[in-house]
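Each chain is listed here by its residues.
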Amino acid sequence: MGNKTLIATLVLLGGTFAPAAAVAATDAAENYKLRCSTCHGANGQGTRGTLPSLGPALKGNPFIVNGSPAAIKGVIRKGRSGQKRLYDDTYPNMPAFGFEPVPDPEALVAYLKGDLQK
Amino acid sequence: MRFNWKSFATAALGLAGMLLVPIDSQAMPSFARQTGMNCNSCHIGTDNVPNFTRTGRIFAMRGYVRPTVRERLRHDSELVEDLPQYGGDYLALNWDDFFAARLISELAQGGRNTSGVKNDWTSRPLARMAFFYTGPITDWLGLWTELGYLGNNSIQSVTAGNTGPTGLNFYAYDEYRLSTGMDIGPNSFIGMSIGNENPNVVTQWVFPAGLPDMWGNGQGGTGRFKEIMAISFHGFFNDMFWAQVAFVTGDDNISWSDGSNQYAAFAWNIFRTTRNDLWLALELYRGRDSSTQMTSVKNSFICPGACPTGVSDSSLSITNQRGGTNGLIVGAPVVEVKDFNSYKLRIEHSVADRGPHSWILSAVLHGTKENHVDGGKLERTILGGYVRYFYNRTYGFYATTWKDMTYDYTTPAGVVRKTYQKINYALTLLWNPAMNFSTHLVISPRVQNRVFDDERSKYLGKGKSYSLGFEYNF
Numbered sequence: 087m088g089n090k091t092l093i094a095t096l097v098l099l100g101g102t103f104a105p106a107a108a109v110a111a112t113d114a115a116e117n118y119k120l121r122c123s124t125c126h127g128a129n130g131q132g133t134r135g136t137l138p139s140l141g142p143a144l145k146g147n148p149f150i151v152n153g154s155p156a157a158i159k160g161v162i163r164k165g166r167s168g169q170k171r172l173y174d175d176t177y178p179n180m181p182a183f184g185f186e187p188v189p190d191p192e193a194l195v196a197y198l199k200g201d202l203q204k
Numbered sequence: 039m040r041f042n043w044k045s046f047a048t049a050a051l052g053l054a055g056m057l058l059v060p061i062d063s064q065a066m067p068s069f070a071r072q073t074g075m076n077c078n079s080c081h082i083g084t085d086n087v088p089n090f091t092r093t094g095r096i097f098a099m100r101g102y103v104r105p106t107v108r109e110r111l112r113h114d115s116e117l118v119e120d121l122p123q124y125g126g127d128y129l130a131l132n133w134d135d136f137f138a139a140r141l142i143s144e145l146a147q148g149g150r151n152t153s154g155v156k157n158d159w160t161s162r163p164l165a166r167m168a169f170f171y172t173g174p175i176t177d178w179l180g181l182w183t184e185l186g187y188l189g190n191n192s193i194q195s196v197t198a199g200n201t202g203p204t205g206l207n208f209y210a211y212d213e214y215r216l217s218t219g220m221d222i223g224p225n226s227f228i229g230m231s232i233g234n235e236n237p238n239v240v241t242q243w244v245f246p247a248g249l250p251d252m253w254g255n256g257q258g259g260t261g262r263f264k265e266i267m268a269i270s271f272h273g274f275f276n277d278m279f280w281a282q283v284a285f286v287t288g289d290d291n292i293s294w295s296d297g298s299n300q301y302a303a304f305a306w307n308i309f310r311t312t313r314n315d316l317w318l319a320l321e322l323y324r325g326r327d328s329s330t331q332m333t334s335v336k337n338s339f340i341c342p343g344a345c346p347t348g349v350s351d352s353s354l355s356i357t358n359q360r361g362g363t364n365g366l367i368v369g370a371p372v373v374e375v376k377d378f379n380s381y382k383l384r385i386e387h388s389v390a391d392r393g394p395h396s397w398i399l400s401a402v403l404h405g406t407k408e409n410h411v412d413g414g415k416l417e418r419t420i421l422g423g424y425v426r427y428f429y430n431r432t433y434g435f436y437a438t439t440w441k442d443m444t445y446d447y448t449t450p451a452g453v454v455r456k457t458y459q460k461i462n463y464a465l466t467l468l469w470n471p472a473m474n475f476s477t478h479l480v481i482s483p484r485v486q487n488r489v490f491d492d493e494r495s496k497y498l499g500k501g502k503s504y505s506l507g508f509e510y511n512f
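Protein chains in written order, with the working numbering: chain A, 87 to 204; chain B, 39 to 512.
Just chain A, same shape as in the assembly:
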C-alpha cells in the first residue's frame, strides 16, 4: 500500500472518528434525558420538590463535581441501594444501569461533570 493510499485511509478514518466524538456528546445529553432526568431532573436539579421525590440534585453535587469518573461510573453501573444509599431522604434506591440503557458511561460521566454543571 502506497503512502498516498495510507494518508487517504487515515484521513477517511479521521473523518469517521471526528463526527463520532460529537455524536457521543450529543448522545450523552440524550442518554441523560432518557435515563437520568426522571429522577435527577431535566437540568440536574433533582426532584426534591415533586412527589414522590426520586433523586438528589446532580448539579453542584460534591460527588459528581469532585468524585473520580471511575467512582461515578461505578454508581451508574451498580446502582446505589439499601444500606449503600447516601441520602437519608425520601429517595428510592438508585437502579443499576447496564450496557443497554447506558452504552457509553464514560461519555455520560463527562456530561455530568461538564455540561450539566454549567
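Be a bit skeptical, because a hint or two may be false.
What the hints assert, rightly or not - Beyond 10 Å from chain A on every Cβ pair, some chain B residues (computed):
#1 145
#2 369
#3 443
#4 461
#5 493
What the hints assert, rightly or not - Examples of chain B residues lying across from chain A (beta carbon under 7 Å, computed):
#6 74
#7 75
#8 76
#9 78
#10 79
#11 92
#12 93
#13 97
#14 100
#15 105
#16 224
#17 227
#18 311
#19 312
#20 313
#21 391
The hints are simulated quantities; they were obtained by calculation from the structure and are not laboratory data.
C-beta atoms are modelled at their ideal positions from N, C-alpha and C, and glycine is treated no differently.
With chain A's structure known, arrange chain B on it following the hints.
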C-alpha cells in the same frame, strides 16, 4: 456402592450454602421492569401483602404515573420528546413490561380446629395465583389491576382419607383502580381515582394485613365480597398532610339508590424519610349500605339457590361477611343494618435499610357502631398491633395481635349482650433469598370462636394452625 459420608456432607453443605446466600433476582415484577428500580425501593417485604416505604406509599397515592420511563409507553428506542404524549396517535400498549404475576404456594398446612380435633395435614400448591397489569396508561393516568385465582381446596391432602370438596374448589376475584394526579405546587398534589375496592387502598392503609379491619372490601369483583364502586378525591399537601373524601356504593349491594357509604381520611406524615417514616392517620367510614359484623350473609355466585351435595357457601368461602377481621358471634341473630358509623385511628412507622435493619410498626384503634332496622344496635372497638422486621432484607418475621376491647349487641328490647373471645395473635417467620421470592412459616397458636358472654359454654378455643409455603412475584 458404599455410602460416602464425606461426599454427602460436602453436597449437603454446598446445598445449604446455596440456599443461605441471598441472591439478587433478575425476575422483576412490572413496576420494577418499568422503572428499573428494585422492589425494595417501594416495599419492606411483600409476603403476604406489600408493606411500603415512603416512596411506595406516595407512588400509590400519586396514581402510579411517577416515576415512569416514558419511552417505554411507546416502542422501544423511540424517543418521545418531540411527539405528542397522548392522543389519538398514541398507543399506550406495552404489556410485556406492565404484566406481572404472583404465585403463593402452601407446601404444608395443618393444625387443630376450635374443638381441639386435629386437622388433616394438607398442601395447597396453587393457593393463590394473581396476574397484574399495572402502570401509567398516559402521562397523567395510571392503572392498577389484579386478576386472581384463589385456590381454596384441600384436594391435595397428603393425609389418607381426605378427598376434599367437589370440583367447585376455587374462586376468582379481580380488582382495579384508575388514578390520576396533578401537581399544584412544590411537594403538593391533588388526585382522583375510581375503582372497586375500599378507598383506603389509595393510601394503602388497607395494609398491613392482620391489623383489625371491619371494612374489608379490599378485594373487588366476584368472590368473597360483592363488588363495590368507589370514587375518591384526595390530595397531599406540603409533603406532609393527606386529605381524602370518597363515595362507595356500599358493602351490602352495588346499588347507589338504596343507600351508599362515605369515606374520609386525614393524615399527618410526621417524619418523612425512607429510613424514618411516621404517619398518623384518622379514617372515617359511614353510611347506610352495609351488612352486619355479627353474621355472614349468603352471597354465592355458584349456588345462589341450593348448593350441590357436599358443597356449601362456607366451604367455598363465598359468604359475604363484612370486614377482614372476623366478627362472627355464635348464635347471633340475622339483622339488617340501617346505618353505621366507624373510624380507624392509625399510627405507622417504617424504616428501610437503617444499617441492616428494616421494620414496620403499626397500631390501630378501630371502632364501629351499627343501628339495625329492628331497633337493635351493635358497638365494637378493636385494638390491634403489627410488627415486621427484616435483617438485611433477608431474615425476618412479622407478628400481629388484636383484641375486641368492646363488642356489645343491644337487642331491640334494650338488653345488652356482651361477647367473649380471648386475644388473637399470630407469628410468621420469613426468609427472602431474593427480594421477590419469600418463604413463610405462619403460626397461629390460637384459633377460636366468639360467643355471647351469657352463653360462655359455647366458647371453643383449642384451635391452632400453621402453614409453610412460599410466594414468588415475577
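Here is what the structure says about each hint:
no.: 1; hint: 145; verdict: 29 Å, holds
no.: 2; hint: 369; verdict: 50 Å, holds
no.: 3; hint: 443; verdict: 35 Å, holds
no.: 4; hint: 461; verdict: 36 Å, holds
no.: 5; hint: 493; verdict: 52 Å, holds
no.: 6; hint: 74; verdict: 4 Å, holds
no.: 7; hint: 75; verdict: 5 Å, holds
no.: 8; hint: 76; verdict: 6 Å, holds
no.: 9; hint: 78; verdict: 6 Å, holds
no.: 10; hint: 79; verdict: 3 Å, holds
no.: 11; hint: 92; verdict: 5 Å, holds
no.: 12; hint: 93; verdict: 4 Å, holds
no.: 13; hint: 97; verdict: 5 Å, holds
no.: 14; hint: 100; verdict: 6 Å, holds
no.: 15; hint: 105; verdict: 5 Å, holds
no.: 16; hint: 224; verdict: 4 Å, holds
no.: 17; hint: 227; verdict: 6 Å, holds
no.: 18; hint: 311; verdict: 5 Å, holds
no.: 19; hint: 312; verdict: 6 Å, holds
no.: 20; hint: 313; verdict: 5 Å, holds
no.: 21; hint: 391; verdict: 5 Å, holds
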